[in-house]
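These protein sequences, in sequence, are chains A and B. Residue numbering for the first sequence is 1 to 588, as defined by my numbering. Residue numbering for the second sequence is 1001 to 1240, as defined by my numbering.
No lab work stands behind these hints, which were simulated from the structure alone. Keep in mind that a hint or two might mislead.
[Said to hold, decoys possible] Pairwise CB distance ranges (calculated):
no. : chain 1 : residue 1 : chain 2 : residue 2 : range
1   : B       : 1211      : A       : 575       : 39 to 45 Å
2   : B       : 1159      : A       : 483       : 56 to 62 Å
3   : B       : 1163      : A       : 327       : 35 to 41 Å
4   : A       : 535       : B       : 1194      : 35 to 41 Å
5   : A       : 354       : B       : 1194      : 46 to 52 Å
Remember, predicted model here, so these are calculated numbers, not experimental data. All residues carry an ideal CB built from backbone N, CA and C; glycine is no exception.
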Amino acid sequence: MTTVAHAPTKAHHEPMSFWRKYIFSTDHKIIGIQFLFVSLFFLLVGGLLAMQIRWQLGFPGKPMPGGGLLPETMIVNGVILPEYYVQLVSMHGTFMVFFAIMPLLVGVYANFLIPLKIGAHDMAFPRINMASFWLAFLAGLIMFASFFVPNGPIRSGWTNYAPLAARPDLSGVTVGQMLWCVSIVVLGLSSVLGSLNYITTVINHRAPGMTWFRMPLSVWALFITAILGVLALPVLQGAAIMLLFDNVLGTHFFDPVAGGQALLWQHLFWFFGHPEVYILILPAMGMVSDIIANGSRKPIFGYHSMVFAIIGIAFLGWLVWGHHMFMSGMNPTLGSTFMVSTLLIAVPSAIKVFNWLGTMWRGNLRFHVPMLNAVGFVSMFTIGGLSGIFMAATPVDIPLHDTQFIVAHIHYVLFGGSLFALFAAMTYWYPKMFGRVMNEPLGKVHFWLTFIFYNMTFFPMHIIGMGGQMRRIYDPTIYDFLKPQQPLNVFISLSAFALFAVQILFAINFLWSLKFGKNAPQNPWDDNGLEWSLPNPAPHGNWERTPNVYRGPYEFSSPEAGSADFLPQNLKLPTDRDPVPATLRAGH
Amino acid sequence: MTQATQTVDVMRPPFPAEPGAGVYSNKLGMWVFLASDVMFFTALIGSYIVLRFGVTEPWAKPGAVLNVPLTAVNTFLLICSSVSMVKAYAAIADGKKYFLRAVPGKLLRDGGLKFWLLVTMICGAAFVGVQLVEYIKLVGHGFTPSGFREGSLLAEHAAADPVKYGAAAAGMYGSTFFTMTGFHGFHVTCGVISMTYLYFTKVLPEKYSPQDYRGIEVIGLYWHFVDLVWIILFTIVYLI
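Whole structure, please, built from the sequences with the hints as guidance.
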């Protein structure tokens, strides 16, 4: 009986051509890096769209600088047209959710980290993994192409509510709507292929001794996220296909005039959409857990409760989609059921926040850039989570629904949460990806300026939201009751421009360090993870021999470690026994 | 078959074995994919249920619009293909790589992997073919994804007997029918293409052995799933 566990890998030979190595690569690390560059590009696109939204809300009717570059169908004399404004809002959401945050968290870090952290030589299905990237890239191109077709991209918001999205005669968008649906179907396929790869890899390819409860929390979170992805994305695909057929084949799924149900779209979309919310935050939570334990030089507080909190959030995430629909005309009794299940999610989320605080409590804190961003994540996610509880309560949601308060909430969890975690993760695993360290002082300046301008941008949105400013209006100054708030809108817009400008620091740091950064030592953060037992960057196929794992990933400041304050997972102490190599059990 | 069960239990790796759940990765990956496919069909079937019970007007009576006897034959064909898939699986588990072999003292000859997989592919392709013929006929009669085409045969029938033909709900009927059966047909087509690929790259060159027939087992899982989905669709779309 053979075991792969101790056989040398077959990957360590023959040099590959540039195309095979970097473009059509099956190496999980290269695929992760491909995802990184592509989704950072879409993050930039989404950001540019957001700047135009903020210009319109802060300075409605005034010519936008650089507006002359855009065609007359979008901007006339520098002034954003209402049709283009809704397209901006719709495409900002679409790009950020589907092509920036989701691939950044799942595409980049599930690909890059899972095999490295569990001691695998690659993913279970490397070629399916490559297909997953190229499908995602294709989906991005299709979505991007919708800017260049007649009548432009979708005008019905990133949620594409029917019947507006289902009836070209209502929305005025034909090709753009079809492209949105096709792109989402392709992206869903990419996500399903990626996720089934992650699940199989985690179940079947852990190194000897890497038991379930010795896995880092980042791997746990990515694993649970993959399960959510595999089950949630097909629902969106099904919905997008029906929407596509409504637009192309003349079906009437979502058209009430012909017997269809507009509310059905909302149910399908949010049945996908709420698990999607946790796809966008769980990996961030996992990676932040790793970084906070490292930065505190302490074992993570309550490891098992962290794991069960992840599982609990993922499970409850399936039962709460109706809280997006309190104002949709859905049965109010259902509303209270969804209210209760939504409030329940606060429990595992709070467990996680308390455990992060418990980890930092009396730790030997090292505020390196990843740690700063991780702590930023915890604080901002807490604010976003608390405003979520406001909206979960039906009576409070009724006045807050579809106002800027919602916009503030989603940005506190997606920007303040996911994106801060991504800044942390990008800085933390940069040495592993590129063999160099990002500039530390520049990283700290970037963190503090981002943190300040971020809060200046999004916190006032709570206030103007409670003041009644609706979510997607074109011009707040035409409503008398919103006029007193306009100075605050200007303030938000100016802060948002500053926030965008500060990101240039990150871009400079990221690109400059690729070529000129300090060479990274093998273990720059004194971490225990298996990935740091490899050179930076790690070679194709990762390990010559699969490492043995002797302990969990959070043995910081362990008395067993002697003078060092960390104890790598694969370091064999005299008292450690080798794990029994896992063998395939009989048959199936 | 008893022989097969014994052999199946000892399929042991000369293929690269993985530590872990004790299920080899290809099979685990297929199970996960099927889980996601269940969610896809759940979205379509769930929408069908919601829409069908959401319309207040009568739904078309079974058999009024659709050709139930033809589809029943087609269903039988697909179930047969599932049986032949099991036969293919059992054949290779017993090491029968051949097409047909004479059995002493018996009239019928014994089929091997090459025979039974070919039967499965033919049944699958025939299913898709019959479905296409049915689609063409339906569209010819005036049944389209958006309902009954104006001036068509079906539209006349529906005007004469709106309850039997579900005239008022025809739009919903067409939308759900073509979407659900269409995507099922797409799945069958993908299965046939994959089997054809395996047939020429693995089965004909005799790459499978009783020690490693993972491809057959994995495509078999997919095939049985597609068959199961059809049985559900046939029941809820054609029979009730």
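Verification of the supplied hints:
1. B:1211 <-> A:575: 39 to 45 Å: holds (41 Å)
2. B:1159 <-> A:483: 56 to 62 Å: holds (58 Å)
3. B:1163 <-> A:327: 35 to 41 Å: Since the Cβ atoms of residue 1163 of chain B and residue 327 of chain A sit about 37 Å apart, the hinted range of 35 to 41 Å holds.
4. A:535 <-> B:1194: 35 to 41 Å: This hint holds: roughly 40 Å between Cβ atoms.
5. A:354 <-> B:1194: 46 to 52 Å: Distance hint for residue 354 of chain A, residue 1194 of chain B holds at roughly 49 Å.
In this structure, none of the earlier numbered hints is contradicted; all agree with it.
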